[in-house]
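Working from the sequences, and respecting the hints, build out all of it.
Number of protein chains: 4
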Amino acid sequence: MGNTYGKKFCITTFGESHGKAIGVTIDGCPAGLNINEDFIQRELDRRKPGQSKITTQRKEGDRAEILSGVFEGKSTGTPMAIVIFNEDQKSKDYAHIADKFRPSHADYTYQEKYGVRDYRGGGRSSARETAARVAAGAVAKLFLKQIGVEINAYVSQVGAIVISKSYTELDFSKTEDNIVRCPDEKVANKMIELIDEVRKNQDTIGGVVSCVIKGTPAGLGEPVFDKLHAELGKAMLSINAVKGFEYGSGFKGVSMLGSQHNDLFENKDEKVITRTNHSGGIQGGISNGQDIYFNVAFKPVATIMQDQESIDVHGNATTVSGKGRHDPCVVPRAVPIVEAMAALVIADFYLLNKASKI
Amino acid sequence: MGNTYGKKFCITTFGESHGKAIGVTIDGCPAGLNINEDFIQRELDRRKPGQSKITTQRKEGDRAEILSGVFEGKSTGTPMAIVIFNEDQKSKDYAHIADKFRPSHADYTYQEKYGVRDYRGGGRSSARETAARVAAGAVAKLFLKQIGVEINAYVSQVGAIVISKSYTELDFSKTEDNIVRCPDEKVANKMIELIDEVRKNQDTIGGVVSCVIKGTPAGLGEPVFDKLHAELGKAMLSINAVKGFEYGSGFKGVSMLGSQHNDLFENKDEKVITRTNHSGGIQGGISNGQDIYFNVAFKPVATIMQDQESIDVHGNATTVSGKGRHDPCVVPRAVPIVEAMAALVIADFYLLNKASKI
Amino acid sequence: MGNTYGKKFCITTFGESHGKAIGVTIDGCPAGLNINEDFIQRELDRRKPGQSKITTQRKEGDRAEILSGVFEGKSTGTPMAIVIFNEDQKSKDYAHIADKFRPSHADYTYQEKYGVRDYRGGGRSSARETAARVAAGAVAKLFLKQIGVEINAYVSQVGAIVISKSYTELDFSKTEDNIVRCPDEKVANKMIELIDEVRKNQDTIGGVVSCVIKGTPAGLGEPVFDKLHAELGKAMLSINAVKGFEYGSGFKGVSMLGSQHNDLFENKDEKVITRTNHSGGIQGGISNGQDIYFNVAFKPVATIMQDQESIDVHGNATTVSGKGRHDPCVVPRAVPIVEAMAALVIADFYLLNKASKI
Amino acid sequence: MGNTYGKKFCITTFGESHGKAIGVTIDGCPAGLNINEDFIQRELDRRKPGQSKITTQRKEGDRAEILSGVFEGKSTGTPMAIVIFNEDQKSKDYAHIADKFRPSHADYTYQEKYGVRDYRGGGRSSARETAARVAAGAVAKLFLKQIGVEINAYVSQVGAIVISKSYTELDFSKTEDNIVRCPDEKVANKMIELIDEVRKNQDTIGGVVSCVIKGTPAGLGEPVFDKLHAELGKAMLSINAVKGFEYGSGFKGVSMLGSQHNDLFENKDEKVITRTNHSGGIQGGISNGQDIYFNVAFKPVATIMQDQESIDVHGNATTVSGKGRHDPCVVPRAVPIVEAMAALVIADFYLLNKASKI
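Line by line, the protein sequences give chains A, B, C and D.
Numbered continuously in the working numbering, the first sequence closes out at residue 358.
Numbered continuously in the working numbering, the second sequence closes out at residue 358.
Numbered continuously in the working numbering, the third sequence closes out at residue 358.
Numbered continuously in the working numbering, the fourth sequence closes out at residue 358.
By construction, these hints were calculated from the structure, which means they are not laboratory data.
Glycine included, every Cβ here is placed at the ideal spot set by N, Cα and C.
Check the hints yourself; a few may be wrong.
Claimed, not checked - Facing chain C, according to a computed beta carbon distance under 10 Å, are these residues of chain B, among others:
| hint | residue |
| --- | --- |
| 1 | Lys8 |
| 2 | Ser75 |
| 3 | Thr76 |
| 4 | Tyr94 |
As the list claims (entries may be wrong) - Cβ-Cβ distance ranges computed for the label pairs, FRET-style:
| hint | chain 1 | residue 1 | chain 2 | residue 2 | range |
| --- | --- | --- | --- | --- | --- |
| 5 | B | Ile147 | C | Glu150 | 50 to 60 Å |
| 6 | C | Lys357 | A | Glu270 | 23 to 33 Å |
| 7 | B | Lys214 | C | Lys214 | 21 to 31 Å |
| 8 | B | Asp196 | A | Lys357 | 42 to 52 Å |
| 9 | C | Glu72 | D | Gly315 | 52 to 62 Å |
What the hints assert, rightly or not - A few chain D residues that don't get close to chain A, going by computed Cβ distances all over 10 Å:
| hint | residue |
| --- | --- |
| 10 | Lys8 |
| 11 | Thr13 |
| 12 | Lys20 |
| 13 | Asn36 |
| 14 | Ile66 |
| 15 | Met80 |
| 16 | Ala81 |
| 17 | Ala95 |
| 18 | Asn152 |
| 19 | Asp171 |
| 20 | Ser173 |
| 21 | Arg199 |
| 22 | Gln260 |
| 23 | Arg275 |
| 24 | Gly289 |
| 25 | Asp307 |
What follows is the structure, given as structure tokens:
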């Protein structure tokens, strides 16, 4: 229950932070797709820890191994299982929190829900699980490339430092040029500085990842419940530490008048476009062929290198001490995760839409 | 595809704005629940058009009729079909837009997706569909009352007018005291004034509905994809005109430090509580027993009483004129819809959670 | 839960035997399909009671009314709700069994599962529910006609009277020529005689409905669980009174040798065929383009016009007396139901298969 | 698509016969269950090849490795991934059929559906996939033991040799005493003799596996589509080589009169029982607390050690020669598979039923 996502391009993830392995099964990837394993690995490398001074110093090789569903380099239409064996399992790092509830983690809620709990590194609630999503998302991206869809996410805010430019003014080829993954170099430097300062203070800070999807054909989305943006929202909100989602004009659209907000249709060179795009490429829950764009809000990472008051499993007051190697800010590593989830949503709706008309 | 919501408390809606009827089938409502038809009707009355000067003047009786699943006043565990026959079907009102794409409506995307389209009043994409959700949500509310869960939504923003108080300072019993459904009377009056002004200008304006859920037991939510807030987000984003969702600290949490944001656990009178609640009652995707609260952003209604440039189905430039009776601001009538969707999500997760442990 | 069938061409039925109405919502019917309401009604007429001396004498008009999803005669891609209001509700007929458990009915199990029960005419467990399936199946048939699929069911056994001919020797245009719906007139007469005799003895008798699907393209079925024959089996077993399902060689295939049973492939006029068809048109759970054929076993109807010992809801011994107007043999009216469920399965798999390859 | 089974106790299998591994993810197993790995292995050993002279001589260790979802010996409520690495991968055994369609195998249909195909040992269509089901079924059995449900399958027919005794006359503790898994020793010897003879003739033969489920509480099953027997039927029909399913009186019930077939209720020592059990423990699709029993028909294995005419992927006539190590009769090894699928169905419905009443 709850570990499967998608209706046609359908993934099921498994694995705990400090268990033997994490992984994913992809069921419903169309047959005949060239599966570039190097690309999958490159996507995982973008997410993996230890990339820079502003991410956790944990070392995880994160080698993806495909166990099934691929034959002679092509997807066969059968389930593709991808497994990543856990290497750096310092379970002893976690003995000190075995019977404590870390503030704003999932320790308490997992204990309440399940009665038992793998406390090592957060177990199933660890963001390590997202590596499996990135692997699956890489396969979805390979598929989307074939149909001309391109997805670019980037960091648009860290703490109070916000990129002021619209996405249309940015050059996404520069996103990977700096360690915070913000395509505006000046802003990127300020973000890096802030994260570094926060890290030195043994604290953490939140941020926003923005994402732009280009090339989506009109017609994707399955109203009234499975609207395209509703599924994008769910997919993003299912990522660890996410607190909010908005698309198109988003929360700012609230203050606009209808006469300002409406996107006027125009026939430009035999192609229907809208003059503005407050709709964010989605109208009535269905893509209209314009750019889809949205923002994802991440809270500050809950693990801080400071002592915090809390309680233990017996209800007694206790102190939780920060230990281990953790991210001071999650957004740089969240960029490939947001892209992966976006790719999974678009791939799924693309396949679902094949049956809309006779 | 896409018209069913929920896994255990599961609803399927049907119907077009100007067809014979709209309705809903509820499959999975536990047997033995007292079905108070008056309560269902009262909830529908909160949503129906024509309530006040700041909502549309269309008259729709919206009488709910239960066709099945109830016997001698109790739910039987079999599907409960509720139908609302459409009365005020002025189809001719829509002849002028039969072959035009209204800006920022779903006309174009439905046409692209399906090839055919019921253009009368937006057809399936009309917010009229949400009446079916409210009817189903009323049944979910009846169930939730039995387990001590209470849901209160209210208007917290219209245009730039924002309620400044936290929800903890508000008296929800006052929400229904004014026509904008804002429990802070002073702010409410300003909102009403603004909407009225916008209406006179033949324009529309957006707003925010906030929602608070009290009494949810710890343990609801099915990570890693079906996290409680992820489903709440999807459910809200599936409502017409919604552009964003945030829960707990939301987008503001982005600028906070971990040391500020973390909610410290405390054992208070043998009950686990958190001193602050930036988590919004949900940690790791599972309810922790604290209040759940979230915001839902609505864009300005797309139908304005002004002429707008657009194109027709043949791609020719045309003008769309505003006609008919429409809401200048959707949020007052959206309050019961937000509550209904929240009730459906919580009821579903409550039932799903029954099987979490042996 | 449990009242929805199909993944893409997806139906949800509702309604009790003696409630206000029964009905169905079809979600996922492709847009642009011509919806012939007369055809839907004709299919319902094939199922309705009171057709002949060997079916129940109850009169039910069974007028199908489409509430949504059709515009100007075409499906719009949105949910199609079809409702059949109950007319002949002689609730008083059932007062005598209100607190008794009729032998081999679902009275006891519904009471145990749900705690409450609509005892009138079996409530939800009544075969009346299948009218909703026939209506939905008629829409599926309209779709299948477009892609060249034809479905023919017929009665192949009543009691010990079995049609000895293979389906390939039968003329399906004769199925509707007699009241038992057996295309072999001689056998039909014997069956009618037997049913009539059983009826006079105030008893009931079982039978077998056989079904042949022609024109299915190769490739339908979604292994490993949603094999084409596995879903056909589930669909048939979900019909009231069904006790068994077999396809192709079926239970007889058990006694065959592999060398006899294997169907040899042959290229005949540039078309792949098999010389024999013990596979029943399905190999590895996927259609191979040959005829699909299967048998469905129906038990004798549980309602007999005799006194039977039983217990009441308090556990006390009691007598159940046969009353009302019931079928002495269910199979003649089951023919359109079997066809309807087959049509729903094939339509669903056809749409699902659209996404198998890039 | 199609590789996931169950709604609450939900499994997804993956893997090809000659790929790196096969495996399964179980999502929804209740937390707190003691996971006995030895038991899982013992169940796999009952299914594995090379057990006796009447099964294939292939050697497969079939070591199950649990990658996730278990902590300190207990299920944690998170997905349990179990993987079995393939050892004995003689791919070269299959070079001779790389471009041929073996009669009555899934070669042709997979090629048609997917365009590509892992031809080695049947790839995904190989019965090797059922090892993953047996592993998952073992976990379901561990759960069912806790609630008092016991499942026993056995071989009741091989070719024309049928066990004549009812299951009530058999001693299931003797099922594992002989290599054919028939609890009646005399019949077992005849079956073994027949299989051995068939094997020497380089042929294969079909059979029937019967299954009895004791201790199921009343109330399991989710009508109208997800009836308990309908899901049991689907689950069984999804097993390789299955051609038919019947429960209770089954196909024989067809020839009975209602007055013979009806099971009269009786209150025996404050427990509701039925005097006979033609219903097979299921009425209206819901368990009534009596024994559930059913038969599963298996066709003769398609791989025979004889030359057969066929065609290749280019449509040219060719000859397929029998090679490799295969089962002359599948039913002895199918016994644990039938039990596994039955356990998965019952566990799923048990969990689903927890939400039936308030």
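Against the structure, the hints:
1. Lys8: holds (6 Å)
2. Ser75: holds (8 Å)
3. Thr76: At 5 Å from the nearest chain C Cβ, B:Thr76 passes the 10 Å test, so the hint holds.
4. Tyr94: violated (12 Å)
5. B:Ile147 to C:Glu150: 50 to 60 Å: holds (52 Å)
6. C:Lys357 to A:Glu270: 23 to 33 Å: holds (30 Å)
7. B:Lys214 to C:Lys214: 21 to 31 Å: This hint is violated: roughly 60 Å between Cβ atoms.
8. B:Asp196 to A:Lys357: 42 to 52 Å: Because 44 Å falls inside the window, the suggested range holds.
9. C:Glu72 to D:Gly315: 52 to 62 Å: Since C:Glu72 and D:Gly315 have Cβ atoms about 45 Å apart, the given range 52 to 62 Å is violated.
10. Lys8: About 6 Å separates D:Lys8 from the closest Cβ of chain A, which leaves it inside 10 Å; violated.
11. Thr13: Nearest chain A Cβ is 7 Å from D:Thr13, so the label is violated.
12. Lys20: violated (5 Å)
13. Asn36: holds (16 Å)
14. Ile66: D:Ile66 not clear of chain A: closest Cβ-Cβ about 8 Å, inside 10 Å.
15. Met80: violated (7 Å)
16. Ala81: At about 4 Å from chain A, D:Ala81 fails to clear the 10 Å cut-off, so the statement is violated.
17. Ala95: holds (13 Å)
18. Asn152: Holds, because the least Cβ-Cβ distance between D:Asn152 and chain A comes to about 29 Å, which exceeds 10 Å.
19. Asp171: Fine: 38 Å to the nearest Cβ keeps D:Asp171 off the interface.
20. Ser173: holds (34 Å)
21. Arg199: holds (31 Å)
22. Gln260: holds (44 Å)
23. Arg275: With a cut-off of 10 Å, D:Arg275 remains clear of chain A, as the shortest Cβ separation is near 40 Å.
24. Gly289: holds (27 Å)
25. Asp307: holds (27 Å)
Violated hints, listed in ascending order, are 4, 7, 9, 10, 11, 12, 14, 15 and 16; each of the other numbered hints is respected by the structure.
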